[in-house]
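Participant: Spelled out from the first residue to the last, the chains are:
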Amino acid sequence: MTDQQTDEKVAFMPQMVNLEYRIVTSPIHQRFDKQMREGRIVGQKCPSCGLVFVPPKGFCPLCAIVMTEKDEVAVKDTATVTSFTVITPIQYQGQKEREEYVLANLILDGADSSIGQQRIEGIPHHDVRMGMRVKAVWATPEERAGEEGGGMRGWGLTAAVKHWEPSGEPDTPREQYQEHIL
Amino acid sequence: MTRDIAIVGYASTPPQTEVRETETQMLFPAVNEALERAGVTRKDVGFTCSASCDYLSGAPFAFVQTLEVTGAWPPISESHVEMDGAWALYEAWVRLHHGDIDVALAFASGITSRCNWREVSSVQLDPYYLMPLWVDDVSLAALQAQALIGSGKITEKAMAEVVARIRGGDAAALLDEPYVVEPLRAHDTPTMTDAGAAIILATGDKARELCEHPAWIAGIDHRSEAHYPGVRDLTLSNAARIAGEQAGVGKGPIEVAELAAQFSHEELLLREALGLGADVDVNPSGGTLASNPVTVSGLIRIGEAANAIIDGGRKRTLGHASAGPCLQQNLVCVLEGD
Amino acid sequence: MAAEASWTLEFPYRRSLGPVVGGFFTGLRDGKVLGSRTRDGRVLVPPLEYDPETGESVQDGLVEVAETGVVTGWAWVTEPMRKHPLDHAFAWALVKLDGADSSLLHALDAPREAVSTGARVRIRWAGERKGHITDIACFEQENS
Chain A
1 MTDQQTDEKV AFMPQMVNLE YRIVTSPIHQ RFDKQMREGR IVGQKCPSCG
51 LVFVPPKGFC PLCAIVMTEK DEVAVKDTAT VTSFTVITPI QYQGQKEREE
101 YVLANLILDG ADSSIGQQRI EGIPHHDVRM GMRVKAVWAT PEERAGEEGG
151 GMRGWGLTAA VKHWEPSGEP DTPREQYQEH IL
Chain B
1001 MTRDIAIVGY ASTPPQTEVR ETETQMLFPA VNEALERAGV TRKDVGFTCS
1051 ASCDYLSGAP FAFVQTLEVT GAWPPISESH VEMDGAWALY EAWVRLHHGD
1101 IDVALAFASG ITSRCNWREV SSVQLDPYYL MPLWVDDVSL AALQAQALIG
1151 SGKITEKAMA EVVARIRGGD AAALLDEPYV VEPLRAHDTP TMTDAGAAII
1201 LATGDKAREL CEHPAWIAGI DHRSEAHYPG VRDLTLSNAA RIAGEQAGVG
1251 KGPIEVAELA AQFSHEELLL REALGLGADV DVNPSGGTLA SNPVTVSGLI
1301 RIGEAANAII DGGRKRTLGH ASAGPCLQQN LVCVLEGD
Chain C
2001 MAAEASWTLE FPYRRSLGPV VGGFFTGLRD GKVLGSRTRD GRVLVPPLEY
2051 DPETGESVQD GLVEVAETGV VTGWAWVTEP MRKHPLDHAF AWALVKLDGA
2101 DSSLLHALDA PREAVSTGAR VRIRWAGERK GHITDIACFE QENS
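Chains as they are written, first to last, in this note's numbering: chain A, 1 to 182; chain B, 1001 to 1338; chain C, 2001 to 2144.
Among the hints, erroneous ones may be present.
[Claimed, not checked] Computed footprint of chain A on chain B, listed as stretches where at least three residues anywhere in the stretch have a Cβ under 8 Å from a Cβ of chain A:
| # | region |
| --- | --- |
| 1 | 1015-1025 |
| 2 | 1052-1058 |
| 3 | 1069-1077 |
| 4 | 1110-1116 |
| 5 | 1119-1129 |
[Claimed, not checked] Calculated from the model, a selection of chain C residues having no Cβ within reach of chain B, i.e. all distances over 10 Å:
| # | residue |
| --- | --- |
| 6 | D2030 |
| 7 | D2098 |
| 8 | W2125 |
| 9 | A2126 |
| 10 | G2127 |
| 11 | N2143 |
[Said to hold, decoys possible] Mimicking DSS-like on lysine-lysine, the simulated pairs with C-alpha atoms at most 25 Å apart in a straight line are:
| # | chain 1 | residue 1 | chain 2 | residue 2 |
| --- | --- | --- | --- | --- |
| 12 | A | K76 | A | K162 |
| 13 | A | K76 | A | K135 |
| 14 | A | K34 | A | K162 |
| 15 | A | K34 | A | K76 |
| 16 | B | K1153 | C | K2096 |
| 17 | A | K9 | C | K2032 |
| 18 | C | K2130 | A | K9 |
| 19 | A | K34 | A | K135 |
| 20 | C | K2032 | C | K2096 |
Don't read these hints as lab results, they were simulated from the structure.
By construction, the Cβ of each residue, glycine as well, lies at the ideal position given by its N, Cα and C atoms.
Just chain A, same shape as in the assembly (with noise of 0.2 Å):
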């Protein structure tokens, strides 16, 4: 018997799991982050379907053909939305964001692959669509030069180029771009 002793039951147990890991920045996503510091997109073309994917991943994925530098093509930082959202931030702990923002999933002119999680400003959320053309707004040098913003993995879309903008062109005609929603 001790002092400790009640009539309740005991009925759940906490568990906190918590365990170490590295992230080892691979060769191919850690020349990507360099050529992003430089202000360049560059993304692969697949010798067999011709498709580009960004950012390079050293393989394609639908002809599984292996691809190296030599498969290297430039892609342009003007874009289309295909997806959008508009995130309304949940004050959770360790959440940074405070107001509502937009995530969007890109087609860069010249890529094949869309990218996602890609944030637009510059214009009021209901405003935003899928068809219209934004363009980058780059860190600055200083900024992309320093050791900050490569984030756990070392990418780059999310670090240099800090988000997008509309460019004021006309909208991409939706047959241009639904194969690329995702």
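Could you slot chains B and C onto chain A? The hints should help.
Facilitator: Relative to chain A, chains B and C alone:
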């Protein structure tokens, strides 16, 4: 309905201490070479099953990206096991029995260099009684090794001889090394590596068309025993014994046995459980002691046992895989050549 | 940019326990050890919900066993890992408590010479208990 199913191609990547490229990039050579050896292309594959463990990379659904190694367009029929690739092969074997497809691919990847596997291994255990103690796989293996030594079934010297055979060196000198968790010394524990592997399965006439010496799956079975070490007799491996019996190990002589023994004492225990005599060539590949990419180890054992038939002129071999603490779960695959 | 980064993956769980595991942890909180009974009368400590031999559910109700018992298996940890129960060299031990038919796995805080199969040990209770396997801080020698 049962069908004749054979392994017609196998490849694995050379084990690395630490791979720097992405997991998918690492897998490409294994899958490409296995397809090439089998003489099929990705378009010929009717079903794919992959294996990996998200806890190795610390990211949920980490395996989804590795599917890109299959060139999944048009969309493919595939499945996944959060287990050793041997169980991906088992699922592919079951799928082929449905009769509507003739070729299947099983592949596995394991990058162990991103985590402390000893610590991560605790998270697979009973969450109430074992995980909160963070008892790791080396400690649990040591409990089994001590049970075997205490019962008189094995000796530290016999363990050292297994290590000397696989890693080289002098068994007597190995016994001078300090314990990590007594009675296990560092060399009794597996060398953790990063690797990927792939196996192509084909049925009946298709296998004969593709491969001159297909490694026919004569029997395959997997068994699991109780999880909690305190209710088990750790000096036995009942699950391995029964899996071996059901797979038909005893129906003929075994020339080569590739055993997924991560620890030196496990080889001795498995030899006994599977009834393998001194004349059996055990782990000529070096086994899991020499290279342990965790979720790939068992698939590699089966692939190496298959190659002994496909390329090596052998007629009857076996590959083994295990999972869980102290050989809780075991898979045995008996392969035969024509 | 750094080619490597380290990070901690952390997630909290709150696990429901049910009558068997919950009953065992309630017992530990109250300073006693309970086991479950199989149909053929074996007492399992820690209690499993199903007989590992037959797969049947265990009998209703838990029975009390002693705080003392015998080591049925062990392994000696020279250098503890950061999350092990003790921060100095210790043994993992399988202990069959008096009255139980299965063994409990936990840490044993004793000098290496005292660790052997057959050694008599007893539970060292944690100072504050909450209904958790670590309410047993570890085992120690019975005569210490």
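Participant: Taking the numbered hints from earlier one at a time, note which ones the structure violates and give those numbers from smallest to largest.
Facilitator: Hint check: nothing fails, all pass.
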